[in-house]
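Each chain, written out:
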Amino acid sequence: MRRTYLGEFEELVLLIISILGREAYGVTVSREIEQQTGRVVAFGSVHNTLIRLEEKGFVKSELGGATTERGGRRKRLFQVTALGKTALADIQQLRSRLWKLMPDDTLKLSDI
Amino acid sequence: MNTPQPPRWAKTLLRWLHPENTIEEVEGDLDELYVYAYERSGKRQALLRYLLNVVSVLPPFVRRRPSAAKYNQPFSLSPDMLKNYFKIAWRNIVRQKAYSVLNIAGLSIGMACSILILLWVQNELSFDRFHARADQLFRLTCSAGDFKTAVSAAGMARGLQAQLPQIKGGVRISKPSPMLFEAGEKKVEEKRVFYADSNFLEVFSFPLLAGNAATALKDPGAIFITEEIAEKYYGTSDAIGKTIRINNNENFVIAGILANTPSNSHLQFDAIIPMKTMARWSQDIQNETWGNFNFYTYLELDAKTAASASAQQQLTQQIAKIFKDRGQAVKIDFQLQPLTDIHLHSNLQIDLPGHGNIQYVNVFFVVALFILIVACINFMNLATARSERRAKEVGLRKVVGANRHQLVFQFLGESLIFSFLSLVIAIGIVCLLLPVFTMLTEKTLAIHLLDGKLLLSLIGIAVLTGLLSGSYPALFLSGFAPVKVLKGKLRVAGGNLLFRNALVVTQFVVAIVLLVGTAVVYKQLDFIKKRNLGFDKSNLLYLPMSGELGEKKQALKASLAQNPLMENFTVISDLPTKLESGTIDVIWDGQTTRNQVVFPSLDVDENFVKVFKSQVLAGRGFDSAFSGDSSSYIVNEKAMQIMGMNVSNAVGQNLTFGERKGTIIGVVKDFHFKSLQYAMEPLILRLNKWGGVMVIRTTAGNNEQTIKALEKINQQLNPAFPFTFGFLDKDLDNLYRSEQQMGSIFNLFAGLAIFISCLGLYGLSAFMAEQRTKEIGVRKVLGATVAGVVGLLSRDFLKLILIAIVIAAPIAWYAMNKWLEGFAYQTTLEWWVIALAGMLATAIALFTISFQSIKAALMNPVKSLRSE
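Protein sequences appear in the order of chains A and B.
One rule links them: number in the numbering used here = place in the first sequence (from 1) + 317.
One rule links them: number in the numbering used here = place in the second sequence (from 1) + 1.
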């Protein structure tokens, strides 16, 4: 099985990009993370992760059209690539397989 | 709507420090987030979040997006790019015709030169390496004091082999003797006939085309001839079993046909006769003597001894000991000369003719290298000079996205195209010049293009030339900063100019050294030709007394005396071009220790002094009026000095030479009886009673008639033998054949080196003149004269050439002194030779530059200035 190198935060960002579809860019990703997880993250970590994901080939990006709301500055829009999709699927499969392997009583909180 | 804005200072900080290629999107995103936070939690919260975000996208926290330039860049050596390099290179070559012609001409002439020289060098180095056990074969040579010789005694080969286990085999070869061959109607004197022991073909790997190698040389009366001789006498190479008559008295049966001697063998023969045949009359062979040094002895050593120098030294000491134990009183040292060293490292007397010289091989190898370097320098120079023209192209390519590697590959590709084009032309030139060159070097050289090794080295030369000559332009041009180039005129950097000047100086240093070399070789040859040999060499004709002439000496003398054309004649045992006899066995009055100096001897008759016009310092020459002269000796000055006598007391002293006692009756002034490479040796003259060579002094201008008359006399007295004759001065000139060859090869290549340098200079001066067109226009408008402008343009080059002269002078001085040391008599190396060479180089260079500078100076200034 091909190994996927995907960190926890990277996985989160990748999932959010796929959720956002065509609307994924720095701002929406940051806002969505905050809303979904309650984590307040610095924009720098989102920005860096987006670049890293692109280097790994999990997402691709292009500059969108200029809009007046940003003072004429273009957005960089991100999209999950086929490789990114496989990576997500792989991780999910791995997790569910591991869950299935787990003995039933392991997670009973009362035992702790 | 008025959207809230983060503080300006924070934005400035962001713009200033954030990586350039992501600033647009990041700034936009941060603004949006600010607005979002502002609306949700107020200005303070928003500002706090904004500042936190700004810091998180500043270095060192921010991750840089890989530069956009790296996207979609093809691999520098991808086929498409390669195609592009070659296409652009080809377009450049075609577009700049004059420049390309200069470059290709220079490179191809340079390459052709070096290929020719390398062919020659390779041939010289390949001598005697074709023998299967070449590294185990050695020649036994010996030396007595300064007298070093290639010959050894007849008994040594077998005697040493019997006593020393290191010696696996030994073969003796006689000195070459000319013999009259006769088969059918053909009757010619063959000069290269040897007697050899029966194991000759076991030791040496000369291929035998027909016959039995193992048995044939054991049979006296058998003969091996080469294919060429077989064709010559029988018209077919299948001549086994046929008979050949030799010297008009004995028939030999052809027992084997050898392939023609390879041209790279130091042993060159037409026929081999078994040593057993020689044993019929040779005392040396019958008795296996150890005293007479008349044979070349080749020894095959075992592999262990052959590989170790110390084992060989031990062996030579053993040989010397055995020699001494044999009762030989003379002190002689023996050496083992490797077979492969014979051609290039031999300076022995009584050696086979036709030797090379390792010094010349080295010199020419260096010359080949230098000529190639000069050609490369040319290319670099022209390319660098024109770099301004290419700068725009480089700038544009860089802006469009080329990186440095691609530009380097492009320029190297261009120079490789140049060098391979030149290689093709150079091979053409070599094919054209090869006949001339073989005539010059007297070697059979051939260029076999299908020979893989040669092809590989030729391609190697081309690649090397291409890379070398393309290296500087490639590294220099590719380094241009595109903005600077495209903005305006690129100022040629000082370093570039310095480098170019250094290249020009190097070129001229090489050219001047070669010129000095040519001059000195010529001067030395002239010196040798004009040197007083101690006798008058002009108008001396000689006739070897072969066949019946020897017996009919009196009749020959009588018919010569009748002929008014012969001014005078004498019979002499050896010509003063190569005197081969000599002995240590000399005893004189007042001698205290045993003599260790080799005294050559010459048998002359009564007319010798008169015919050779040599000078008698004391006493008299031989004279038929004195009946006791058969036991008298005449010595030369050098012999007199060695014997401790002087002009006033030498005459009348007793002298025992060999076994014969006698008295000294005269002293002659030293005359040269060997090549001028050897210092004067002592000489003892004896009265000739047997024959040798008839030397005739003819009257000037009557050579043709004299030869005709001689031919007639030969026909009457010696009808069985063809008429042969020679001129002594021609033979003397032939002694310096290799020096003459070296001189003419030097001449050729010095000329070519200068020519190539001048091609480069021509291109450079054209470029310089073009670059300064406007300046010249302004100067002319302001009243500059044509001469002034020419001077202005030539001055820079003149400076460079002067520097080159200063550098070349000591190099040439040192090199030529080294060469002259090889001669015992040498011309002096005078300063004016170097000055002359320098002046010549300067003159040629100025002449070259003058074309362009005069053209520039004469140009109408209106034309050059109108464009602005």
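Hint data in this document are derived by calculation from the structure and do not stem from the laboratory.
Keep in mind that a hint or two might mislead.
[Unchecked claim] Cross-link-like lysine to aspartate or glutamate pairs, in silico, DMTMM-like; alpha carbons within 20 Å at most:
#, chain 1, residue 1, chain 2, residue 2
1, B, K219, B, D303
2, B, K12, A, E386
3, B, K44, A, E386
4, B, K554, B, D624
5, A, K377, B, E25
[Stated by the list, open to error] If we take Cβ atoms under 8 Å as the criterion, some of the chain A residues that face chain B in the derived model are:
#, residue
6, S362
7, K402
8, L405
All residues carry an ideal CB built from backbone N, CA and C; glycine is no exception.
Right, here's what the structure says about each hint:
Pair hint K219 of chain B plus D303 of chain B does not hold up; C-alpha atoms about 25 Å apart against a cutoff of 20 Å. Of the pairs offered as hints, the one joining K12 of chain B and E386 of chain A holds, with about 17 Å between alpha carbons and a cut-off of 20 Å not exceeded. For a cut-off of 20 Å, the pair hint linking K44 of chain B to E386 of chain A stands: about 19 Å separates their Cα positions. Using a Cα cut-off of 20 Å, the hinted pair K554 of chain B and D624 of chain B holds, with the two alpha carbons roughly 18 Å apart.
The straight-line distance between the Cα atoms of K377 of chain A and E25 of chain B is roughly 18 Å, inside the 20 Å bound, and the hint therefore holds. Evaluation of the S362 of chain A hint against chain B yields a held restraint, the C-beta minimum of about 7 Å falling below 8 Å. A hinted interface residue such as K402 of chain A counts as satisfied when its beta carbon comes closer than 8 Å to some beta carbon of chain B; here the least separation is about 23 Å, so the hint is violated. Using the Cβ-Cβ criterion of 8 Å, the hint placing L405 of chain A at the interface with chain B is not satisfied: the shortest such distance is roughly 22 Å.
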